[in-house]
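K.L.:
Below are the chains, spelled out letter by letter.
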Amino acid sequence: MIDYTKKLREEKMKLFKENKVVNWHEHVWDDDDGKFDAQQSDLLVESARRAYMDVLVCSLPVSGGSPDPDVIRRKNNIIAEAVDRHPNIIKGMAFVNPGYSREAVAEIERCVNELGMIGIKLYNQYFISDPVLHPVIEKCIELDIPILEHAGKQMSLPIDQPFISDGTHFAKVAEKYPEAVIIMAHIGGGGDWQWSLKAIADCPNIYTDISGSVYDEGIIEQTVSYLGAERVLFGTDGSFSQGIGKILAANISEKDKIEILNNTRFSRYLERGAY
Amino acid sequence: MLIDINTYIGHWPFRQLRNNTAAGLLPKMDEYGIDMAAVSSLNAVFYKDTQEGNRELIEEIQVNKAQDRFIPFAVINPKYSAWEKDLIYCVENMGMKGLELYPYYHRYALTEPESVELVKLAGKMNIPVHLPCSIVNVRQRHWMDTNDNLKYDQVEKLLALCPDTDFIISNGPSHMIARQLKKVSKERKGRVYYDFARLDVFVLRAPTSAFNALVQDAGIDHIVFGSVLPFQYADPQFVRLTYAGLSEEDMDKVTSGNLKKLFQL
Chain A
1 MIDYTKKLRE EKMKLFKENK VVNWHEHVWD DDDGKFDAQQ SDLLVESARR
51 AYMDVLVCSL PVSGGSPDPD VIRRKNNIIA EAVDRHPNII KGMAFVNPGY
101 SREAVAEIER CVNELGMIGI KLYNQYFISD PVLHPVIEKC IELDIPILEH
151 AGKQMSLPID QPFISDGTHF AKVAEKYPEA VIIMAHIGGG GDWQWSLKAI
201 ADCPNIYTDI SGSVYDEGII EQTVSYLGAE RVLFGTDGSF SQGIGKILAA
251 NISEKDKIEI LNNTRFSRYL ERGAY
Chain B
1 MLIDINTYIG HWPFRQLRNN TAAGLLPKMD EYGIDMAAVS SLNAVFYKDT
51 QEGNRELIEE IQVNKAQDRF IPFAVINPKY SAWEKDLIYC VENMGMKGLE
101 LYPYYHRYAL TEPESVELVK LAGKMNIPVH LPCSIVNVRQ RHWMDTNDNL
151 KYDQVEKLLA LCPDTDFIIS NGPSHMIARQ LKKVSKERKG RVYYDFARLD
201 VFVLRAPTSA FNALVQDAGI DHIVFGSVLP FQYADPQFVR LTYAGLSEED
251 MDKVTSGNLK KLFQL
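Going down the list, the sequences are from chains A and B.
All residue numbers for the first sequence refer to this note's numbering, where the first residue is 1 and numbers rise by one.
All residue numbers for the second sequence refer to this note's numbering, where the first residue is 1 and numbers rise by one.
These are calculated hints, taken from the structure and not from any lab test.
Wrong hints could be hidden among the right ones.
Simulated pairs of lysine-lysine, DSBU-like, Cα-Cα distance not exceeding 30 Å [stated by the list, open to error]:
1) B/K260 / A/K7
2) A/K176 / A/K20
3) A/K17 / B/K28
4) B/K65 / A/K6
5) A/K12 / B/K253
6) B/K157 / A/K7
7) A/K172 / A/K198
8) A/K7 / B/K183
9) B/K151 / A/K6
10) A/K7 / B/K182
11) A/K255 / B/K28
12) A/K12 / B/K260
13) B/K183 / A/K257
14) B/K183 / B/K151
15) A/K172 / A/K14
16) B/K28 / B/K124
17) B/K28 / A/K14
18) B/K28 / A/K6
19) B/K157 / B/K48
20) A/K7 / B/K65
21) A/K6 / B/K260
22) B/K85 / B/K124
23) A/K6 / B/K261
24) B/K151 / B/K48
25) A/K14 / B/K253
26) A/K35 / A/K172
27) B/K157 / B/K182
28) A/K7 / A/K17
29) A/K12 / B/K182
30) B/K79 / B/K28
31) B/K186 / B/K65
32) B/K28 / A/K198
33) B/K182 / B/K85
34) B/K48 / B/K261
To list a few chain A residues with every Cβ distance to chain B over 12 Å, as calculated [said to hold, decoys possible]:
35) K7
36) K20
37) R74
38) E81
39) S101
40) E103
Note that beta-carbon positions come from the ideal geometry of N, C-alpha and C, so glycine has one too.
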């Protein structure tokens, strides 16, 4: 009987070892005092290096309530500290709250132009199709930066994220802003992934990342089938074993796997920023 | 050798599955080097009379001449009539090696008298009780599927009420469950095993990984391999084995040694 652990270690992990791996969905964190948790970022980077990841695109979103601009600036400054500490591997994404429209646009400019961030992260404060987001999306189009939006079709009850965006919300915004580059986050962490894939299948400017702890058999094959590998990004969002394993397991071509690990449509963003 | 504690055969009503027959599962086991797999009937979970599903499972294993590859577990609902007779028949006449419970599908509490009696009977018959924390992640459940997972407080009480029975807890946050059950587990004769199908071996945030936390609280002698085939990709389990940093001796325990002891193989 085959020793699959040995096969994975010696043969299958060559996919990661021999190709550029860009992880588009990770996080660094603040500590209990609201300061940059440098040790956590060191652990993250060490684990990423063990798994042959070359780039970690990190953000620090506020997942509850409607954070004010001061809180958000502190969070984004932590991202900048993480990039400074690990300039060869961490790239930053700026978190903003679209509810503070004027301040959000100003924060995007600050983070991109002064702190070298390469995109923005939105959480569940508003559906992505909500008109309150229009100034934010238009600023991202102007700066040519991607938007990573927390996403999911929540099926477990009670619904604890009433404004989380699912695929249908992304399809609406794609129609309004076909020139925006938007990532529907964590197809493996957002509830009914089949629902959302079907909803965005015909929206060429909506991408997804494969992050999340869910690794249902067939999830990667269906994602590539609906979107094409060129609209899929590698990501982990706190689940390295799952993210690596689902790409290794997927019954898709080697070419598609390499494209997902380093999506060439997003290469230009990586050339910017702090390293 | 690799022994898998958690696989299924049968129809899943809420999403199309591939390789959910014995004939489909066996080549997947070969692909991953899984010598033997504990298996239960998905049909038994959904039939009113679980015994019909248990019979189908045994027939399917026999038709495929795969008795040496599968370790069949009986799905029994202690709130349905004749559960005691059914379990005895499964073990004595159909060669089943364990009991598997789904309180979140069959809508009962593990602490109800019938549940306790059933689990005690399993202990007397010297077969382990498998408690999957869920079959699929409820975050993506079908709207007609259960919204519940295994209730760990009930498991804690059940362990105390049935001190001689061996348990396997799978497909959940094993490190957190093991921490909760640590005290009661030490006070009983029966053993408690955990798989690591939902844990990460990489250290990303906490000072240690979820997998290492499980090792600390459950002990390496109580950790087993579970793939959840055909619901999930198996590769993530092997990523975990690759990066867990286990010694050769500990790797042998996790991949087969602990279950060999449990099943007296």
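K.L.:
For every hint, state whether the structure bears it out.
P.N.:
Hints versus structure:
1. A hinted pair counts as satisfied when its Cα atoms are at most 30 Å apart, and B/K260 with A/K7 qualifies at roughly 24 Å.
2. For a cut-off of 30 Å, the pair hint linking A/K176 to A/K20 is broken: about 34 Å separates their Cα positions.
3. Pair hint A/K17 plus B/K28 holds up; C-alpha atoms about 26 Å apart against a cutoff of 30 Å.
4. With a CA separation close to 29 Å, the supplied pair B/K65 and A/K6 stays within the 30 Å bound.
5. About 24 Å separates the Cα atoms of A/K12 and B/K253, which keeps this hinted pair within 30 Å; it holds.
6. A C-alpha spacing of about 42 Å is found between B/K157 and A/K7, which places the hinted pair above 30 Å, so the restraint is violated.
7. Between the alpha carbons of A/K172 and A/K198 the distance comes to roughly 13 Å, so the proposed pair stays at or under 30 Å and holds.
8. Straight-line distance between C-alpha atoms of A/K7 and B/K183 comes to about 39 Å, which puts the hinted pair past the 30 Å bound.
9. Using a Cα cut-off of 30 Å, the hinted pair B/K151 and A/K6 is violated, with the two alpha carbons roughly 36 Å apart.
10. Pair hint A/K7 plus B/K182 does not hold up; C-alpha atoms about 35 Å apart against a cutoff of 30 Å.
11. Pair hint A/K255 plus B/K28 holds up; C-alpha atoms about 24 Å apart against a cutoff of 30 Å.
12. The suggested pairing of A/K12 with B/K260 holds, with an alpha-carbon distance near 29 Å, which does not exceed 30 Å.
13. Distance hint between B/K183 and A/K257 is unfulfilled; the C-alpha atoms sit about 45 Å from each other, more than 30 Å.
14. The hinted pair formed by B/K183 and B/K151 meets the criterion: a straight-line CA distance of about 17 Å does not exceed 30 Å.
15. Our distance criterion of 30 Å between C-alpha atoms is broken by A/K172 and A/K14, whose separation comes to about 39 Å.
16. This hinted pair does not check out: B/K28 and B/K124 have alpha carbons roughly 34 Å apart, beyond 30 Å.
17. About 22 Å separates the Cα atoms of B/K28 and A/K14, which keeps this hinted pair within 30 Å; it holds.
18. In summary, the hint linking B/K28 to A/K6 is supported, as the alpha carbons are separated by about 17 Å, within the 30 Å threshold.
19. In summary, the hint linking B/K157 to B/K48 is supported, as the alpha carbons are separated by about 27 Å, within the 30 Å threshold.
20. Between the alpha carbons of A/K7 and B/K65 the distance comes to roughly 28 Å, so the proposed pair stays at or under 30 Å and holds.
21. Note on A/K6 and B/K260: the hinted pairing holds, with a Cα-Cα distance of about 22 Å set against a maximum of 30 Å.
22. The hinted pair formed by B/K85 and B/K124 meets the criterion: a straight-line CA distance of about 14 Å does not exceed 30 Å.
23. Of the supplied pair hints, the one linking A/K6 and B/K261 holds, its CA atoms being roughly 24 Å apart against a limit of 30 Å.
24. At roughly 22 Å between alpha-carbon atoms, B/K151 and B/K48 fall within 30 Å of each other, so this suggested pair holds.
25. The suggested pairing of A/K14 with B/K253 holds, with an alpha-carbon distance near 27 Å, which does not exceed 30 Å.
26. Pair hint A/K35 plus A/K172 does not hold up; C-alpha atoms about 38 Å apart against a cutoff of 30 Å.
27. Taking the CA atoms of B/K157 and B/K182, the gap is near 12 Å; set against the 30 Å cutoff, the hint holds.
28. As the CA atoms of A/K7 and A/K17 are separated by approximately 14 Å, the hinted pair is consistent with the 30 Å bound.
29. Among the hinted pairs, A/K12 with B/K182 is inconsistent with the structure: their alpha-carbon atoms are about 37 Å apart, more than 30 Å.
30. Distance hint between B/K79 and B/K28 is unfulfilled; the C-alpha atoms sit about 35 Å from each other, more than 30 Å.
31. Proximity of B/K186 to B/K65 is assessed by CA-CA distance (about 40 Å); at most 30 Å being required, the pair is judged violated.
32. The straight-line distance between the Cα atoms of B/K28 and A/K198 is roughly 28 Å, inside the 30 Å bound, and the hint therefore holds.
33. The hinted pair formed by B/K182 and B/K85 fails the criterion: a straight-line CA distance of about 33 Å is larger than 30 Å.
34. For the suggested pair B/K48 and B/K261, the alpha carbons sit about 34 Å apart, so the restraint of at most 30 Å is broken.
35. With a least beta-carbon separation of about 8 Å from chain B, A/K7 fails to lie farther than 12 Å from that chain, contradicting its non-interface assignment.
36. At roughly 19 Å from the closest C-beta of chain B, the C-beta of A/K20 stays outside 12 Å, upholding its exclusion from the interface.
37. Annotated as non-interface, A/R74 keeps its C-beta farther than 12 Å from every C-beta of chain B; the closest such distance is 19 Å.
38. Remark: the non-interface label on A/E81 is consistent with the geometry, its nearest Cβ contact in chain B lying 17 Å away (cut-off 12 Å).
39. Against the 12 Å criterion, A/S101 stays outside the reach of chain B, whose nearest CB is about 31 Å from its own CB.
40. Even its closest Cβ contact with chain B, about 29 Å, leaves A/E103 beyond 12 Å, as expected for a residue assigned away from the interface.
Taken one by one, the earlier hints fail for this structure at numbers 2, 6, 8, 9, 10, 13, 15, 16, 26, 29, 30, 31, 33, 34 and 35, listed in ascending order.
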